[in-house]
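> Now for the letters of each chain:
Number of protein chains: 2
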Amino acid sequence: MKYNFNAGPSILPNEVFEQASQGVLNFNNTGLSILEIGHRTPLFQGVLDEARQTVRELMHLNADHEVLFLHGGATTQFFQIPMNLLDEHAKAAYLDCGVWGTKPIKEAPLFGQIEVVASSKDKNYSYIPRHFTIPADAAYFHYTTNNTIEGTQMHCVPETPVPLVADMSSDILSRSIDFNKFSLIYAGAQKNIGAAGVTLVVVNKNVLGKVSRKIPSMMDYRKHIENGSMLNTPPVFAIYVCMLNLRWLKAQGGVEAIEKINNQKADLLYQTLDSLPLFKPTVVKEDRSKMNVVFVMDDPEQEKAFLDLCKQEGMAGVKGHRSVGGFRISLYNALPLSSVQILTDLMKHFAQKRG
Amino acid sequence: MKYNFNAGPSILPNEVFEQASQGVLNFNNTGLSILEIGHRTPLFQGVLDEARQTVRELMHLNADHEVLFLHGGATTQFFQIPMNLLDEHAKAAYLDCGVWGTKPIKEAPLFGQIEVVASSKDKNYSYIPRHFTIPADAAYFHYTTNNTIEGTQMHCVPETPVPLVADMSSDILSRSIDFNKFSLIYAGAQKNIGAAGVTLVVVNKNVLGKVSRKIPSMMDYRKHIENGSMLNTPPVFAIYVCMLNLRWLKAQGGVEAIEKINNQKADLLYQTLDSLPLFKPTVVKEDRSKMNVVFVMDDPEQEKAFLDLCKQEGMAGVKGHRSVGGFRISLYNALPLSSVQILTDLMKHFAQKRG
Numbered sequence: 031m032k033y034n035f036n037a038g039p040s041i042l043p044n045e046v047f048e049q050a051s052q053g054v055l056n057f058n059n060t061g062l063s064i065l066e067i068g069h070r071t072p073l074f075q076g077v078l079d080e081a082r083q084t085v086r087e088l089m090h091l092n093a094d095h096e097v098l099f100l101h102g103g104a105t106t107q108f109f110q111i112p113m114n115l116l117d118e119h120a121k122a123a124y125l126d127c128g129v130w131g132t133k134p135i136k137e138a139p140l141f142g143q144i145e146v147v148a149s150s151k152d153k154n155y156s157y158i159p160r161h162f163t164i165p166a167d168a169a170y171f172h173y174t175t176n177n178t179i180e181g182t183q184m185h186c187v188p189e190t191p192v193p194l195v196a197d198m199s200s201d202i203l204s205r206s207i208d209f210n211k212f213s214l215i216y217a218g219a220q221k222n223i224g225a226a227g228v229t230l231v232v233v234n235k236n237v238l239g240k241v242s243r244k245i246p247s248m249m250d251y252r253k254h255i256e257n258g259s260m261l262n263t264p265p266v267f268a269i270y271v272c273m274l275n276l277r278w279l280k281a282q283g284g285v286e287a288i289e290k291i292n293n294q295k296a297d298l299l300y301q302t303l304d305s306l307p308l309f310k311p312t313v314v315k316e317d318r319s320k321m322n323v324v325f326v327m328d329d330p331e332q333e334k335a336f337l338d339l340c341k342q343e344g345m346a347g348v349k350g351h352r353s354v355g356g357f358r359i360s361l362y363n364a365l366p367l368s369s370v371q372i373l374t375d376l377m378k379h380f381a382q383k384r385g
Numbered sequence: 031m032k033y034n035f036n037a038g039p040s041i042l043p044n045e046v047f048e049q050a051s052q053g054v055l056n057f058n059n060t061g062l063s064i065l066e067i068g069h070r071t072p073l074f075q076g077v078l079d080e081a082r083q084t085v086r087e088l089m090h091l092n093a094d095h096e097v098l099f100l101h102g103g104a105t106t107q108f109f110q111i112p113m114n115l116l117d118e119h120a121k122a123a124y125l126d127c128g129v130w131g132t133k134p135i136k137e138a139p140l141f142g143q144i145e146v147v148a149s150s151k152d153k154n155y156s157y158i159p160r161h162f163t164i165p166a167d168a169a170y171f172h173y174t175t176n177n178t179i180e181g182t183q184m185h186c187v188p189e190t191p192v193p194l195v196a197d198m199s200s201d202i203l204s205r206s207i208d209f210n211k212f213s214l215i216y217a218g219a220q221k222n223i224g225a226a227g228v229t230l231v232v233v234n235k236n237v238l239g240k241v242s243r244k245i246p247s248m249m250d251y252r253k254h255i256e257n258g259s260m261l262n263t264p265p266v267f268a269i270y271v272c273m274l275n276l277r278w279l280k281a282q283g284g285v286e287a288i289e290k291i292n293n294q295k296a297d298l299l300y301q302t303l304d305s306l307p308l309f310k311p312t313v314v315k316e317d318r319s320k321m322n323v324v325f326v327m328d329d330p331e332q333e334k335a336f337l338d339l340c341k342q343e344g345m346a347g348v349k350g351h352r353s354v355g356g357f358r359i360s361l362y363n364a365l366p367l368s369s370v371q372i373l374t375d376l377m378k379h380f381a382q383k384r385g
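Respectively, the protein sequence lines represent chains A and B.
When we follow the working numbering, the leftmost residue of the first sequence carries the number 31, and every step to the right adds one.
When we follow the working numbering, the leftmost residue of the second sequence carries the number 31, and every step to the right adds one.
For reference, chain A alone in the conformation it holds in the complex:
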């Protein structure tokens, strides 16, 4: 495969693969593999420190915000967040705008009350709800910034009187926003951060320690902060890959620089889609995601033919999620503009022949 449009785990820069591969054989000329070094040695401490510090720089975080690399995936955050932030008789507000948005809504009621302030389920999550009220007494408001499956994205940060909590798994570090507005941000690493097996959590320490329940050590953000994000043996290699990839992003000019390229990629693909009636984007224009572009065709045979053509041309990960069908093209940071050019050329060619 030559072009990787996977939704996650997904493409990373070639130099990251090369450095990570070398680290498995001989890490920093120690004669040891990154897989066999102690996690409490200066060797690994340097990796973790650089990864945390680079996140801090790339996101322009203030001193209230702590950077943690945790086990368990974003799915663990679905319950860890209410466990830490939602008291039994308190209430949290959730926005329901995608398959991934419904999952935390199912976990939170184990810990307290929840109110779903709006949902776009009525139209298969093809838009972002605009008119909703966040109750001022909510412990927090939770939403998903980018919906990987449906290809919608919230382009501005909602104004809210309550602490803001966001799942940014599929668009973190892809665009400049004021990350300091958030009380808690989480993201599975396997898209724009690094390798699967680790989750980035950025938390404003001022929201912690306010619930009355006892929290198991591994689920207590405060314990992770106290222990410098090394409460137990961390996922060493996954964090190493994050560090390499974050270092790469910083060298590209950071979030501000990659955002320009991400905009070019998304513009090129959406403009092509809009110019070719054969392809039908499923999302309303104003809520289209710049990370995951979803479209279908009217004719299942045409869809199959285009899918086969993409495979022939060495393209991976173009098939849509089963809940939407059609196609999903992921445009994460490491995907070069050239891959989108080749895809859009193929779409034009296909439309000329078959449209």
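Think of the hints as simulated: they come from the structure by calculation, not from any bench.
Errors might be hidden in some of the hints.
You can't tell identical chains apart in this list, so a pair holds if it fits in one copy or across any two.
Claimed, not checked - PhoX-like mimics (lysine-lysine), calculated; alpha carbons at most 20 angstroms apart, straight line:
1) K121 to K244
2) K253 to K133
3) K211 to K153
4) K315 to K334
Following the hints, complete the assembly by docking chain B onto the known chain A.
Below, chain B without anything else, positioned relative to chain A:
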């Protein structure tokens, strides 16, 4: 470094490092890195299936036992086990025989009652308590089979009327025991299984579903079983390394074959220690671990001199844990007998000159 005696993350076979390194560049000749393939593709499904099946074969598991690769480390199991197996008004029995044994004892009371049936804390955990009674009404009995820090190991499986739960992080797959006697076995992968960032859980499905509390999805073993150990994005690369290492162990002849070599390594090291009065093993003879060999010297200056000598000779991971001091030599499956020979030769040489 040429000889790696690290306590974990620890040495793995060279061929595993080479294959894992290659997989990061080009996995199974797909042209894609193992880090950028979808976890729900046949490509990764094959890796996960082989890893789970090889565990099943190596441990000779019966059909009641399920094999899971989970996030979170053994430290997550410290609370996940009582969350799944211990009702609020029920009682669980724990054996306290090391620093790592005390940690689950601290987490379990959040979920129910616990009874510590015996402790060897009185002598800095330098022995395994022998005379204790497990209450017949306990929901389960929990113990640590091998104490990584203190270098003790329980050489037989305790007879008990209640479900047996064991932390086998530092001696799993190193010796033949009847794994089917256990209701739940867990082990961080970073010693004898593979790379840090994944935890093996082997659970007898008959003990599940008996507590009344609601369990968050990611913490519910039944949900992981239903989803074939892929409830969310798994730690792909860490599982890949486990699969490669388990495949290596199977090719060596499995647990029974590696046990013979492990016995040779431990015998050689303990015999050398016992023959050289300069070195003082800290553990009573009958409870000595075959995985982690702990010893001290009477004179701190001698200790420093020997530590320096080991470093000069390219030996990593020989320094003891701060709670015991002295030295700790870990003899995990991938450590060749030749490394122990070189170490014991060095000890003899040092004792001749300095003893």
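> Each of the hints needs a verdict: does it hold here or not?
Hint by hint, here is what the structure shows:
no.: 1; hint: K121 to K244; verdict: both (18 angstroms within a copy, 19 angstroms between copies)
no.: 2; hint: K253 to K133; verdict: between (26 angstroms within a copy, 14 angstroms between copies)
no.: 3; hint: K211 to K153; verdict: neither (30 angstroms within a copy, 52 angstroms between copies)
no.: 4; hint: K315 to K334; verdict: neither (25 angstroms within a copy, 69 angstroms between copies)
The structure shown violates the earlier hints numbered 3, 4.
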